[in-house]
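Colleague: The residues making up each chain are set out below.
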Amino acid sequence: DAKTTQPTSMDCAEGRAANLPCNHSTISGNEYVYWYRQIHSQGPQYIIHGLKNNETNEMASLIITEDRKSSTLILPHATLRDTAVYYCIVRNSGNTPLVFGKGTRLSVIA
Amino acid sequence: DGGITQSPKYLFRKEGQNVTLSCEQNLNHDAMYWYRQDPGQGLRLIYYSQIVNDFQKGDIAEGYSVSREKKESFPLTVTSAQKNPTAFYLCASSRLAGRTGELFFGEGSRLTVL
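Chains as they are written, first to last, in the numbering used here: chain S, 1 to 110; chain D, 1 to 114.
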């Protein structure tokens, strides 16, 4: 599976959009981009995933560049409860386990 | 409600003792996983199982053992051979078929070796 690169940490003001970038320049054609988040001392929570089209659900939007070498997770109106570590993961369409990196620690500030 | 239950939430053990962490799911998922997390680090895969009576080693399987006798259950034993067992252990499950690959995690078990 392709490797991902994320910033170590980011801050975001409460109520503003949080844009979390992820680079995956070695992604291959059958690999999906997944986003999870982990609130302190809890199990990670699935947020969203996509292949090449932009995706939106009730939690977030996922924007994938046309060349698929990078993506951005957008939390449209960040709240204090969105403070967490966000993991960007690339995985093929098979059943291989997800490989978690260190993620981005997002701090939402009042 | 459907979900994954890990127990115990906190566990203390003395060096040289084996300890077993429980993981049960009622989501009818085929695949189950164990991850380990150390402070400030991401999750590392210990073992996973995609079908009953079969499992595969992950990246850090040494010092751990698992069994998968039932679809719903995937216990992890931390043996005395594991040199640094103090960590946060997370169990997860997923459907096997299909492309979503969404993992559902338990709340974790925090093991401290005294």
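Treat each hint with caution, since some may be false.
Here's a subset of chain D near chain S, in silico, CB distances under 10 Å, partners left out [unchecked claim]:
(1) Arg13
(2) Glu15
(3) Ala81
Cut-off 20 Å, straight-line C-alpha distance, at most; resulting in silico cross-link-like pairs (EDC-like, lysine to aspartate or glutamate) [claimed, not checked]:
(4) S/Lys3 <-> D/Asp59
(5) S/Lys52 <-> D/Asp30
(6) S/Lys3 <-> D/Glu107
(7) S/Lys3 <-> D/Asp54
(8) D/Lys71 <-> D/Asp30
(9) S/Lys102 <-> D/Asp30
(10) S/Lys102 <-> D/Glu107
Treat the hints as calculated values from the structure; they're not laboratory data.
From the three backbone atoms N, C-alpha and C, an ideal C-beta is built for every residue, glycine too.
Colleague: Work down the list of hints and note, for each, if the structure agrees.
Modeller: Evaluated hints:
1. Arg13: With a minimum Cβ separation of about 20 Å from chain S (threshold 10 Å), the hint on D/Arg13 is violated.
2. Glu15: 24 Å, violated
3. Ala81: 23 Å, violated
4. S/Lys3 <-> D/Asp59: Holds - the C-alpha atoms of D/Asp59 and S/Lys3 are around 15 Å apart, at most 20 Å.
5. S/Lys52 <-> D/Asp30: 27 Å, violated
6. S/Lys3 <-> D/Glu107: 27 Å, violated
7. S/Lys3 <-> D/Asp54: 28 Å, violated
8. D/Lys71 <-> D/Asp30: Holds, at about 7 Å.
9. S/Lys102 <-> D/Asp30: It is violated: about 27 Å lies between the C-alpha atoms, which goes past 20 Å.
10. S/Lys102 <-> D/Glu107: 19 Å, holds
Taken one by one, the earlier hints fail for this structure at numbers 1, 2, 3, 5, 6, 7, 9, listed in ascending order.
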